[in-house]
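The task is simple: from the sequences and hints, build the whole structure.
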Amino acid sequence: MTPDLFYAFTGLVLFITGLFGIIALQHLLRKLLAFNLMGSGTFLMLVGLAQHRNGTDPVVQALVLTGIVVAIAATALALVLIRRYYHLAGRVSLERDATDEGRP
Amino acid sequence: MMAWLMAGLLFTPLAWAALSLLADFRAGWRLAWFGMALQATVAVLLWLAIAQEGGFYYPLGGWSAPLGIELRVDGLAVTFILMTATVATACGLHAGFYLDPDKPWQRYFWPLFWFLWAGLNGVWLGADLFNLYVGLELISLSAVGLVALGGAADALRASLRYLLAALVGSLFYLLGVALVYGQFGTLSLGGVAQLAGEHTGLPGAGLALALMLAGLALKTALFPLHGWLPPAHGIAPSPVSALLSALVLKASFYIAARLWLELGEPQGSYGVAQLMGGLGALAVLWGSWLACLQPRLKQVVAYSSVAQIGYLFLLFPLTWQVSEQVSQQAQQGMTLQVISHALAKAAMFLAAGNLILSTGSSRVADLAGVGRFLPFSLFSFGLAGVSLMSLPPSGGFAAKWLLLQASLASGQWWWALVLVAGGLLSAAYVFRIYRASFQEASGQDDFHHPPRRLEAIPMALALLSLGLGLAGDQVLSVMGLPFEEGS
Numbered sequence: 162m163t164p165d166l167f168y169a170f171t172g173l174v175l176f177i178t179g180l181f182g183i184i185a186l187q188h189l190l191r192k193l194l195a196f197n198l199m200g201s202g203t204f205l206m207l208v209g210l211a212q213h214r215n216g217t218d219p220v221v222q223a224l225v226l227t228g229i230v231v232a233i234a235a236t237a238l239a240l241v242l243i244r245r246y247y248h249l250a251g252r253v254s255l256e257r258d259a260t261d262e263g264r265p
Numbered sequence: 009m010m011a012w013l014m015a016g017l018l019f020t021p022l023a024w025a026a027l028s029l030l031a032d033f034r035a036g037w038r039l040a041w042f043g044m045a046l047q048a049t050v051a052v053l054l055w056l057a058i059a060q061e062g063g064f065y066y067p068l069g070g071w072s073a074p075l076g077i078e079l080r081v082d083g084l085a086v087t088f089i090l091m092t093a094t095v096a097t098a099c100g101l102h103a104g105f106y107l108d109p110d111k112p113w114q115r116y117f118w119p120l121f122w123f124l125w126a127g128l129n130g131v132w133l134g135a136d137l138f139n140l141y142v143g144l145e146l147i148s149l150s151a152v153g154l155v156a157l158g159g160a161a162d163a164l165r166a167s168l169r170y171l172l173a174a175l176v177g178s179l180f181y182l183l184g185v186a187l188v189y190g191q192f193g194t195l196s197l198g199g200v201a202q203l204a205g206e207h208t209g210l211p212g213a214g215l216a217l218a219l220m221l222a223g224l225a226l227k228t229a230l231f232p233l234h235g236w237l238p239p240a241h242g243i244a245p246s247p248v249s250a251l252l253s254a255l256v257l258k259a260s261f262y263i264a265a266r267l268w269l270e271l272g273e274p275q276g277s278y279g280v281a282q283l284m285g286g287l288g289a290l291a292v293l294w295g296s297w298l299a300c301l302q303p304r305l306k307q308v309v310a311y312s313s314v315a316q317i318g319y320l321f322l323l324f325p326l327t328w329q330v331s332e333q334v335s336q337q338a339q340q341g342m343t344l345q346v347i348s349h350a351l352a353k354a355a356m357f358l359a360a361g362n363l364i365l366s367t368g369s370s371r372v373a374d375l376a377g378v379g380r381f382l383p384f385s386l387f388s389f390g391l392a393g394v395s396l397m398s399l400p401p402s403g404g405f406a407a408k409w410l411l412l413q414a415s416l417a418s419g420q421w422w423w424a425l426v427l428v429a430g431g432l433l434s435a436a437y438v439f440r441i442y443r444a445s446f447q448e449a450s451g452q453d454d455f456h457h458p459p460r461r462l463e464a465i466p467m468a469l470a471l472l473s474l475g476l477g478l479a480g481d482q483v484l485s486v487m488g489l490p491f492e493e494g495s
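Line by line, the protein sequences give chains A and B. Quick note: the first sequence uses the working numbering, first residue 162, plus one each step. Quick note: the second sequence uses the working numbering, first residue 9, plus one each step.
What the hints contain is simulated information worked out from the structure, not anything from laboratory work. Take these hints with a grain of salt, some might be off.
A few chain B residues that don't get close to chain A, going by computed Cβ distances all over 10 Å [as the list claims (entries may be wrong)]: (1) R165; (2) C300; (3) L432.
A few chain A residues that face chain B, going by a derived Cβ cut-off under 8 Å, partial list only [claimed, not checked]: (4) L190; (5) K192; (6) I243.
In this text, all values refer to a predicted model and were calculated from it rather than measured experimentally. Yeah, the Cβ is synthetic: ideal placement off N, Cα and C, and Gly gets one too.
Next up, the structure:
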């Protein structure tokens with residue numbers, strides 16, 4: 162097992178952990194962190210798998226850089242929405258409760 | 009000439025997005041007139057040019073493939089660009105009249121609108137897997153922003169749910185891209201298809217295809233992953249719902265379809281094809297059934313989107329290991345279904361917005377009596393419904409007719425039953441709205457008349473979707489051999 166393949170497997174573990182978190186956790190910030198974990202796992206796999214096969218590869222590193230920018234934009238948007246949601250609804254999870262029945 | 013057209017197509021939405029960030033809603037609205045006129049002109053000219061000269065590859069900024077971004081400009085892509093220009097212009101015009109310009113947050117509508125448009129054009133033209141990902145994310149983020157814009161807690165909950173679903177879907181897709189790159193060392197769709205054709209049955213490529221299809225199915229709201237769609241589409245302002253249902257869903261489906269047509273034959277299997285078709289069929293039945301039960305008008309239309317998206321997924325079984333002719337029919341049926349649903353659903357959401365504006369309530373039951381006061385919007389709603397019910401001569405009929413022929417010709421008669429049942433169920437939910445509107449003896453009789461221009465836009469879209477059935481041949485001939493030119 163080369164170090165690159167090790168990175169790829171670590172990425173897979175991170176991805177699955179993140180996926181579990183995004184489904185199982187209730188708190189929105191935790192969900193967002195889980196999403197970031199999934200993202201990091203994906204990036205590790207992207208670089209690890211490609212470099213395992215082809216050696217050092219500038220193309221995937223550029224892709225990951227782009228991916229990180231996208232992930233930051235998504236995280237920022239999610240944070241704004243969560244903050245606003247907390248201000249308006251006073252809650253940090255997406256669950257409904259009894260007061261939601263009369264929603265428009 | 010062609011270089012100018014491509015530059016105009018890709019550059020205007022981004023430039024307009026940046027410019028309208030600096031402007032307030034009214035200035036952005038005036039700006040949008042020019043932008044929409046420009047985009048529509050460019051889209052028509054490009055369509056005509058491709059119709060005459062055929063497709064080509066366009067290296068962005070003169071940088072060619074591995075380093076730069078290469079765009080695939082073929083008949084199908086320009087057809088969808090033209091569809092986007094039509095629907096987005098209609099929704100933009102409607103939004104300009106419909107949204108309240110005095111709310112401070114509305115100034116962000118135009119930048120998000122233009123970013124969405126830029127992302128859509130990028131996806132239709134994208135020729136490599138990673139740029140498709142970037143385009144998808146641009147679309148998702150601006151769509152979520154549009155849903156959340158100025159909304160109350162419920163709108164934010166819907167948009168957060170939408171955002172999480174979209175992000176998870178994108179990551180599944182990206183993980184598939186990682187596997188593809190690890191396996192083949194290239195990201196260009198044509199290159200991957202060629203390599204996948206030479207080495208069949210690679211486990212990595214099969215898994216990659218499955219991951220990408222799963223992610224895209226989540227983003228397209230395929231049953232049973234559709235839970236995020238009805239709240240988000242139901243609660244957004246009507247012009248935004250129209251954009252989301254008509255165009256945003258189609259972007260992720262378009263990528264899934266292209267992946268399937270390039271990689272499905274060598275790397276897919278009978279099981280995967282039937283599974284995707286089966287989920288589509290369940291979406292048709294379940295979505296239509298729930299649409300019949302919804303108490304709120306826009307939820308009815310949103311669940312109808314879940315159902316209509318289901319038809320598109322019949323493409324998977326109908327193009328897997330069938331004769332060239334059947335596959336061709338299925339692809340043409342899918343394309344017509346995408347376009348006619350885009351036009352009809354945009355018309356329906358905009359008309360529903362007018363009805364809500366007029367009755368002041370979003371409930372179906374409160375429509376009682378509106379039939380006598382607002383025949384025009386109700387008529388647009390019905391014309392769009394004709395296309396969804398797939399009655400001739402609408403575009404919806406032509407699409408389902410082609411799918412029906414393809415399913416019978418390939419011996420998969422069970423899809424034909426789905427097509428028939430789906431048509432009947434959609435008739436049920438459209439007539440349910442009509443029954444409610446023509447009910448007499450309701451206490452309420454103060455209806456507001458929305459301005460004529462708000463009523464004219466859904467009517468124009470509904471007529472287009474109706475006319476698509478008659479002009480289907482021209483549209484299909486420009487698509488030529490869909491998906492084939494670039495490979």
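Taking the hints in turn, this is what the structure says about them:
no.	hint	in the structure
1	R165	violated, 6 Å
2	C300	holds, 21 Å
3	L432	holds, 31 Å
4	L190	violated, 11 Å
5	K192	holds, 6 Å
6	I243	holds, 7 Å
In summary, the numbered hints that this structure violates are 1, 4.
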